[in-house]
Every structure is written in C-alpha cells, then in structure tokens.
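Under full-length UniProt numbering, think of the first position of the sequence shown as 1, with each following residue one higher.
Quick caveat, the hints were computed from the structure, so don't treat them as lab data.
Heads up, a few of these hints could be off.
Stated by the list, open to error - Pair ranges (Cβ atoms, derived):
#1 PRO260 - ARG24: 31 to 37 Å
#2 LEU28 - ARG225: 48 to 54 Å
#3 VAL46 - VAL23: 36 to 42 Å
#4 LEU127 - TYR193: 30 to 36 Å
#5 PRO324 - PRO115: 43 to 49 Å
#6 GLY164 - GLU44: 39 to 45 Å
#7 ARG225 - GLU166: 31 to 37 Å
#8 VAL23 - LEU127: 34 to 40 Å
#9 ALA78 - ASP131: 38 to 44 Å
#10 GLY80 - VAL46: 22 to 28 Å
#11 GLY111 - GLY137: 24 to 30 Å
#12 LEU133 - GLY187: 41 to 47 Å
#13 GLY137 - LEU28: 46 to 52 Å
#14 GLY187 - GLY25: 45 to 51 Å
A virtual CB, placed ideally from N, CA and C, is assigned to each residue, including glycine.
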Amino acid sequence: MTDPAPLVDPAAPGFSEILVEAVRGGILESVHRGAIAICTPEGEVVEAWGDPSRVIFPRSSCKMLQALPLVESGAAAAAGLGPEQLALACASHNGAPIHTARVSAWLAGLGLGEPDLRCGPQEPHDLADHDALVRAGVCCDQTHNNCSGKHAGFLTLNRHLGGGAEYVEVDHPVQRAAREAMGEMTGDPDLGYGIDGCSAPNFATTLKGFATSMARMARPQGLGRVRAAAAASLVEAMMAHPELVAGEGRACTEMMRAMPGRAAIKTGAEGVFGAILPELGLGVALKIDDGGTRASECAMAAILVRLGVAEAADPAIARRLNPPQVNRRGLTVGEIRPAAALA
C-alpha cells in the first residue's frame with residue numbers, strides 16, 4: 001500500500017505548516033496551519049515554517065511602521081509627543097480609561113476632538129469598562145476604538161503636512177507617507193492594499209518582508225540617522241508602556257512585561273503577529289491561515305521561547321504557550337500546544 005498524497009505540496013506557493021494543535025482527551029482534535037519567518041535586517045531568512053514569500057495583510061501588527069512618518073517628519077516633536085503617545089500610536093488598545101483619556105487629551109492638544117477621528121466607534125474590549133459605560137448611560141465613541149491612538153498619530157502628521165480632513169483616503173499625504181515607509185522597511189514592491197477595520201488602508205506585504213521590517217526596527221542603525229532614531233523611539237515606547245499597547249489581560253501587554261526590554265510584540269487581526277527583538281537583531285512575522293488568535297498567540301510564545309527571549313515557565317508566556325481548555329464546569333478537558341515543528 002502506498003502512502004497517501006500529502007494534503008499540501010511543500011513546493012506550492014503559499015505553503016503552510018501545522019503550527020498549533022488542539023488536544024482533547026489525549027487525542028488530536030484540531031490543527032492550525034500557518035507560516036512564520038524570522039529575518040535579519042538584511043532580509044536573510046534565518047528560519048522559516050511554510051512559505052516566507054506568501055503575501056499577507058499585516059493588519060494591526062504593522063502599526064509601528066505606519067507610525068514612522070509621524071516621528072521622522074518631526075510632527076511628533078512639534079506636537080510635544082512623549083513615549084506614552086508613541087506607544088498609543090502603535091497600539092490596539094482595550095478602550096479602557098487609561099487609553100481613552102490619553103487619546104482625548106492628545107486630540108485636545110491638537111485643537112481637535114473625537115469627531116475628527118475616522119476610525120469609527122467601538123465598544124471597550126474589557127467587560128468591566130464596557131459595563132461601566134452602560135451603567136453610566138454613556139455610549140462608546142471613536143476614542144474607544146482600539147486604533148484611536150494610531151489615528152491620533154495620523155491626525156498629528158496630517159496637521160504637520162497640511163492635508164485634508166479625510167486622512168484615511170489611500171491617496172492622502174498621510175497614507176502616501178505610510179505606504180512609502182512600509183515599502184522601504186519591508187523591501188517589497190507595491191502589493192496592493194485592503195481597508196482595515198478602522199477604515200485606514202492596510203498595505204500588503206510578504207511574510208519575509210514584514211519580518212525584515214521588524215528586524216530593521218530591532219537594529220535600525222542601517223536606516224539612516226533620522227529613521228533610525230524614529231524606529232528606536234517607537235520600539236522603546238512600546239517596551240516602556242506595554243499597558244498602553246494593548247491592555248490588562250492581553251497577550252501583547254502581558255508577554256512584553258514578561259520580557260522587559262527584550263522584545264516589542266504586536267498582534268493583528270486574522271492571526272498575524274510581529275516581534276521586534278533588539279538583543280538579537282531579528283524580526284519575526286507569523287500568519288495563521290484560519291485567522292485564529294489562540295493559535296497566533298501560542299505560536300508567537302513558542303518562537304519567543306525558542307529564541308531564548310522568553311521563559312516557558314513564566315505565567316504570562318505559559319498561558320499562551322499551553323493554554324488549558326476549560327469547560328463550563330471549570331474542568332480542564334484539553335490544551336492548545338505548539339506543534340512538534342515549533343516545540
């Protein structure tokens with residue numbers, strides 16, 4: 001009897017591998033396929049799972065790249081922005097008071113307000129904060145949007161550039177600057193764009209290109225004086241204020257706290273995750289095929305442990321590396337775990 005044909009041709013473009021498994025009762029129940037690239041600033045692929053040339057939307061994991069023009073243009077300095085605002089510019093935050101109050105104050109400092117945002121309203125991620133709004137009879141607004149910090153950054157850059165109010169249009173000077181920065185940092189040609197959940201364009205990149213951009217943020221000395229300083233300030237802000245990058249209970253915040261000063265990590269929708277590793281001078285990009293967050297967090301935790309920047313036993317890492325599957329009676333009935341290729 002001959003062996004069955006593989007489900008996926010390893011030579012096919014876009015090839016992915018099993019990265020994460022769900023086990024119940026000791027039996028493999030589900031798998032998450034995806035691809036990962038670990039790159040140097042020169043674009044060398046140090047290690048990869050799946051096809052590193054596959055094209056992805058980086059979604060919110062690329063916010064630090066979108067924020068580069070804010071800093072390198074001089075707009076951030078002219079507006080008096082500090083590390084907290086720069087962290088928020090890179091954030092997908094919970095919409096908690098620590099986030100919304102800072103965004104509101106930032107906008108007020110520009111002589112602007114919530115109606116000037118173009119990200120749309122969003123209910124707070126945290127249930128307690130959501131319930132507090134309901135009890136107070138207050139509706140969520142655009143400052144609660146997880147991308148409101150990024151959009152406050154866009155508005156700051158827009159004031160500096162003198163652009164029109166609709167800063168999310170793809171041909172607007174703000175988005176042209178973001179597109180240029182993305183292309184230069186990834187080294188990819190123009191691969192098109194899609195509209196993100198916050199209405200801003202999200203520019204496509206290869207997985208290798210995105211990992212390369214993360215490595216260039218990690219070791220920016222080859223980017224030129226102005227961009228290198230901008231990249232360093234954004235990475236330092238993220239690592240100094242992990243609570244502003246996401247929020248309590250979130251993977252980005254908790255895992256950065258577990259590796260202080262060693263990594264800046266950022267999740268994105270549809271199973272994307274990026275990591276900036278200054279000590280190693282490496283960048284990581286991963287994409288889970290089915291868009292599952294449980295899988296992207298598990299895979300990123302496994303990579304951080306594999307590269308020696310995180311400890312598997314740290315509670316914040318362990319919660320993502322091997323999260324137990326608990327039923328409605330509180331019984332542990334299974335676990336999520338990295339596949340053998342990552343373990």
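Checklist entry - Has the hinted range 45 to 51 Å been met by the Cβ atoms of GLY187 and GLY25? => result holds (46 Å)
Checklist entry - Do ARG225 and GLU166 keep their Cβ atoms within the hinted range of 31 to 37 Å? => result holds (33 Å)
Checklist entry - That 22 to 28 Å hint for GLY80 and VAL46 (C-beta), does it hold up? => result Once the Cβ atoms are compared, 39 Å apart, the range 22 to 28 Å for VAL46 and GLY80 is violated.
Next on the checklist: Against the range 39 to 45 Å, how does the distance between the Cβ atoms of GLY164 and GLU44 compare: consistent or not?
Outcome noted: holds (41 Å)
Item to check | Range hint compliance [Cβ, LEU133 to GLY187, 41 to 47 Å] | outcome: holds (44 Å)
Checklist entry - Given a hinted range of 34 to 40 Å, is it respected by the beta-carbon distance of VAL23 and LEU127? => result Between VAL23 and LEU127, where Cβ atoms are some 29 Å apart, the hint is violated.
Checklist entry - Given a hinted range of 48 to 54 Å, is it respected by the beta-carbon distance of LEU28 and ARG225? => result Once the Cβ atoms are compared, 52 Å apart, the range 48 to 54 Å for ARG225 and LEU28 holds.
Item to check | Distance restraint evaluation - VAL46, VAL23, Cβ atoms, bounds 36 to 42 Å | outcome: For VAL23 against VAL46, whose Cβ atoms are near 29 Å apart, the range 36 to 42 Å is violated.
Next on the checklist: I want to verify a distance hint. Is the separation of the beta carbons of ALA78 and ASP131 within 38 to 44 Å?
Outcome noted: holds (39 Å)
Next on the checklist: Between the beta carbons of GLY111 and GLY137, is the distance compatible with 24 to 30 Å?
Outcome noted: holds (29 Å)
Checklist entry - PRO324 and PRO115, beta-carbon distance inside 43 to 49 Å? => result holds (45 Å)
Checklist entry - Is it true that LEU127 and TYR193 lie within 30 to 36 Å of each other by Cβ? => result For LEU127 and TYR193 the Cβ distance comes to about 34 Å; the hint holds.
Figure legend: structure checked against the earlier numbered hints; hints not met, in rising order: 3, 8, 10.
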